[in-house]
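Number of protein chains: 2
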Amino acid sequence: MLGESDLSKNAVIDFNKLNIVPFVSVDNMMKLVLKVGVETFLTELAGYIEEDFRRWESFDKTPRVASHSREGVIELMPTSDGTLYGFKYVNGHPKNTHEGLQTVTAFGVLADVDSGYPTLLTEMTILTALRTAATSAVAAKYLAPQNAKTMALIGNGAQSEFQALAFKAILGVDELRLYDIDPSATDKVIRNLEGSGFKITKCKSVEEAVVGAQIVTTVTADKLNATILTDNLVGSGIHINAIGGDCPGKTELHRDILLRSDVFVEYPPQTRIEGEIQQMPEDFPVKELWQVITGEIEGRNDDRQITLFDSVGFATEDFSALRYVRDKLTGSGLYEELDMLADPDEPRDLYGMLLRAEQKQKNS
Amino acid sequence: MLGESDLSKNAVIDFNKLNIVPFVSVDNMMKLVLKVGVETFLTELAGYIEEDFRRWESFDKTPRVASHSREGVIELMPTSDGTLYGFKYVNGHPKNTHEGLQTVTAFGVLADVDSGYPTLLTEMTILTALRTAATSAVAAKYLAPQNAKTMALIGNGAQSEFQALAFKAILGVDELRLYDIDPSATDKVIRNLEGSGFKITKCKSVEEAVVGAQIVTTVTADKLNATILTDNLVGSGIHINAIGGDCPGKTELHRDILLRSDVFVEYPPQTRIEGEIQQMPEDFPVKELWQVITGEIEGRNDDRQITLFDSVGFATEDFSALRYVRDKLTGSGLYEELDMLADPDEPRDLYGMLLRAEQKQKNS
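Protein sequences appear in the order of chains A and B.
One rule links them: number in our numbering = place in the first sequence (from 1) + 120.
One rule links them: number in our numbering = place in the second sequence (from 1) + 120.
Just so you know, nobody snuck in bad clues.
Copies of the same chain are indistinguishable here, so a pair counts whether it falls within one copy or spans any two.
With a straight-line cut-off of 16 Å between C-alpha atoms, the simulated EDC-like cross-links for lysine to aspartate or glutamate are:
1. K137 - E219
2. K261 - D294
3. K151 - E478
4. K137 - D459
5. K155 - D447
6. K215 - D234
7. K151 - D459
8. K181 - E408
9. K215 - D232
10. K137 - D465
Derived from the structure by calculation, the hints contain no laboratory data.
Construct all of the structure, not just a fragment, from the sequences and the given hints.
The following block contains the structure:
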């Protein structure tokens, strides 16, 4: 298995300081990713994600808790395996891009179930892009045609380079066909991936992008029921990696595509609300990715089959990412110490801690 | 109204740095509380809490999302008023005390609904103790007998001094009758409240503690269905402030007391799961505190009436506390700047930010 971790490691960073929570800033996350190497990071992270999908039944699962507004959504995504607890705060605001802000920002926390104490706080904007791409690649490993080398990448925003690199690192994809309604977004991806070993074609339309692609990744950002991909553009035998349809009212695929595909999902109760299948009746048949990974059900079983990963992002994937970062952090020095937890000498004497702080102020 | 805030103030701390989230450490929270003064802090915070109860219907409300384990619970408590979003992470682990850890630790986040960006991260262990006490006092202001001066305080752990000071600051309570199964806990409270202007009696039993008390506060920590207070100890006309029964399997009052009382709650769907009324049938009648505050329903209406505030702690109270801290922070310097949000020059160029960081490393 890819980059498997030692599940028995519960508290790798032992500060012996009860008040301290290690914090990974954006700057330190970038340093960590660069130190490990993006493709190695994606490959090892995919290993953790796959490992946690494999023990799917040991997780406490719940659809994310969403607070919707006119402009976007703020979500909390908690999960626990009984030993560790993790959650992510993440927003989704498509209009942010026009204001110079990120569509998606995130941070996450890992905690010890036994004590309830947080043990890690980290930026997750970059980490979410990495884990989303790694999850797509894990799914494609089981669902895409054997030896798929060409991927159409429709939507060339913040996520697209990460998707490309994960598919390269984990599946060996080395040819990209790029399309975005904004050609400057495509130019950005071409510039950023220069020297990464891809053969890249800049396409003028979705039609052109899908030609010859065994994998089609849709990762557009507009919050609406869009039809990025119509049925006539989907040839037999391909794998569709549908990333962008991930909240109520936001889809990318024409429903006829769903009717012709085998649809694989992370956590059905959440995907039925947020994924492409929100267009379909409540009993629309789906297959669960974790069961494909454990071998309980078949993934791809036919050369002409259209497989569709209706990705919305699930809490266990963030949990895997938090575990991975925690393990990588040891000895790296790439974190700060946050004085986040009140730690009176005597646990019941919280007020006394305040009094002693006052005394200290007076004495100094 | 107490310490009313200006609701129109959305972003008081304007960093003009998109990546930065202000962080209030435990140390800075203590400094802030001491600078304001504990009783003033409690009074002003109670004003914010009351104000938010008054506009109860404008909040997006949901029972907290709990992850239960054998030893305790980890909870996320989100809410939003459509302009601000707030949530608290909080654990409850009664056994922690025996291991030198806090039963309850917490931190919280305030965010801007329009952009989804977090705007404040703060410790909330101390702040939760303050907001719980302030909420109790707000409820008692409407429910306790007029001119109640004597409070029995049963359970003398981490919350008890805060409860005492809130009732002093907001209701004028100046006599305390203390009891804890562990006399050293009571001694701690006596020591800590020396010079605070209370007449304090150390009692040998619950029976002794409740004698002559117009308000009885129960705030014990054991996770079990305990009977701290039995029916025969509850005289007519008193107000019971029941704090400790706040999660499934954790109650403090004999059910006969509930049958004789008018029971006031924060958010019924949550209290029926977590409060004293978890002992009662699903249709057990309760009154909502916010309706008492707005005047829609009566609070205390009879000298012989037993009023019971079945407090479990609700997300809007933490939201009020986050708002209050944010407003108090301006110009105080009592926060650090956390580099928590990825902020590429071009929002769609998240990967490019990573590349530029790499280039910077190579050049340096």
